[in-house]
Amino acid sequence: MRLEIAADTDPIVDQETTIAEEKTGSMSNDIPRRRLKTLRGVIKDILFKRDSHDIEEDEVSNKLADAESKELQTYVLIINFLKPYMPSKQNFYTISHQIPFFLMANDILHATGYSKFTANTTSHLVPSNLNALKVDAPSLFALFCTKTKQGVLTVYNFNGDAIISRQIATKSKDAMFGSLFDLIAIKNVCNSYGLEFAHNMYVLPGLKTVHINGTLKKPVLAETYPVTSVTSNPARRSVHHLQVTSTAK
Numbered sequence: 001m002r003l004e005i006a007a008d009t010d011p012i013v014d015q016e017t018t019i020a021e022e023k024t025g026s027m028s029n030d031i032p033r034r035r036l037k038t039l040r041g042v043i044k045d046i047l048f049k050r051d052s053h054d055i056e057e058d059e060v061s062n063k064l065a066d067a068e069s070k071e072l073q074t075y076v077l078i079i080n081f082l083k084p085y086m087p088s089k090q091n092f093y094t095i096s097h098q099i100p101f102f103l104m105a106n107d108i109l110h111a112t113g114y115s116k117f118t119a120n121t122t123s124h125l126v127p128s129n130l131n132a133l134k135v136d137a138p139s140l141f142a143l144f145c146t147k148t149k150q151g152v153l154t155v156y157n158f159n160g161d162a163i164i165s166r167q168i169a170t171k172s173k174d175a176m177f178g179s180l181f182d183l184i185a186i187k188n189v190c191n192s193y194g195l196e197f198a199h200n201m202y203v204l205p206g207l208k209t210v211h212i213n214g215t216l217k218k219p220v221l222a223e224t225y226p227v228t229s230v231t232s233n234p235a236r237r238s239v240h241h242l243q244v245t246s247t248a249k
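Residue 249, in full-length UniProt numbering, is where the sequence shown stops; the numbers in between run on with no holes.
No lab work stands behind these hints: they were computed from the structure. Note that CB positions come from ideal geometry on N, CA and C, so glycine has one too. Incorrect hints may have been included.
To be verified - Pairs of lysine to aspartate or glutamate, EDC-like flavour, derived with a Cα cap of 16 Å: (1) Lys70 x Asp51; (2) Lys173 x Asp161; (3) Lys70 x Asp58; (4) Lys83 x Glu56; (5) Lys89 x Asp45; (6) Lys187 x Asp174; (7) Lys70 x Glu57; (8) Lys171 x Asp161; (9) Lys83 x Asp51; (10) Lys83 x Glu59; (11) Lys187 x Asp136.
To be verified - Restraint ranges, calculated between C-beta atoms of paired labels, are given here: (12) Asp182 x Val42: 47 to 55 Å; (13) Gln167 x Leu36: 34 to 42 Å; (14) Pro32 x Leu109: 19 to 27 Å; (15) Val189 x Val42: 49 to 57 Å; (16) Lys37 x Asn106: 19 to 27 Å; (17) Met104 x Asp51: 38 to 46 Å; (18) Phe181 x Gly206: 13 to 21 Å.
Throw the hints in and build the complete structure from the sequences for me.
Below, the structure written as structure tokens:
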């Protein structure tokens with residue numbers, strides 16, 4: 001069962017499980033994994049159409065000509081049960097729209113005796129994991145400039161061209177940060193510590209403390225062994241990442 005659950009989220013495990021199942025054959029009456037993936041695709045296709053009426057068996061049989069009567073009854077029951085909770089494709093990956101399915105999955109795992117596979121509905125803070133929000137150029141683009149979001153923010157680079165992808169945002173770090181933060185103030189803070197802004201920071205829970213990451217401007221040479229060669233750019237030879245903490249009052 002543990003391998004089956006892992007196969008639902010890991011493509012490599014899914015492929016290995018499917019191949020192993022086809023080689024050894026199934027000794028039970030369980031539906032083969034390849035068949036389940038086909039059925040899941042049909043169910044998702046019908047659900048995303050967002051029809052207002054309840055689905056009938058003939059609508060499913062049109063897509064699954066080889067489906068048996070008991071299978072059709074099960075598929076219709078699943079589809080009509082999930083229909084009221086289905087968001088549009090544009091909002092499908094929004095966390096708030098996924099919560100009903102998250103709760104349903106937990107209930108099914110509890111009912112079938114696999115409670116250890118359920119997930120917490122709220123984050124659990126531990127000293128080793130503060131759930132800090134990493135802020136860098138690609139994440140800023142994803143948060144504010146994604147076309148699927150309402151009120152999308154258009155950011156331009158220093159040549160006046162719109163930044164339209166994560167790749168371009170990664171190459172235009174100053175433009176991305178400068179559009180949302182006081183970049184001069186950030187660089188001044190880094191300069192006071194002998195750092196060069198590394199274009200990423202961490203916002204800690206509570207939104208009062210921000211860790212600003214930077215690299216040392218002056219390289220630090222190792223003294224445990226003699227240096228036999230020196231690169232043309234010593235600043236790139238030894239890069240040390242430090243953190244600068246700024247607490248808002």
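Hint numbers not upheld by this structure, sorted from lowest to highest: Those not satisfied are hints 1 and 17.
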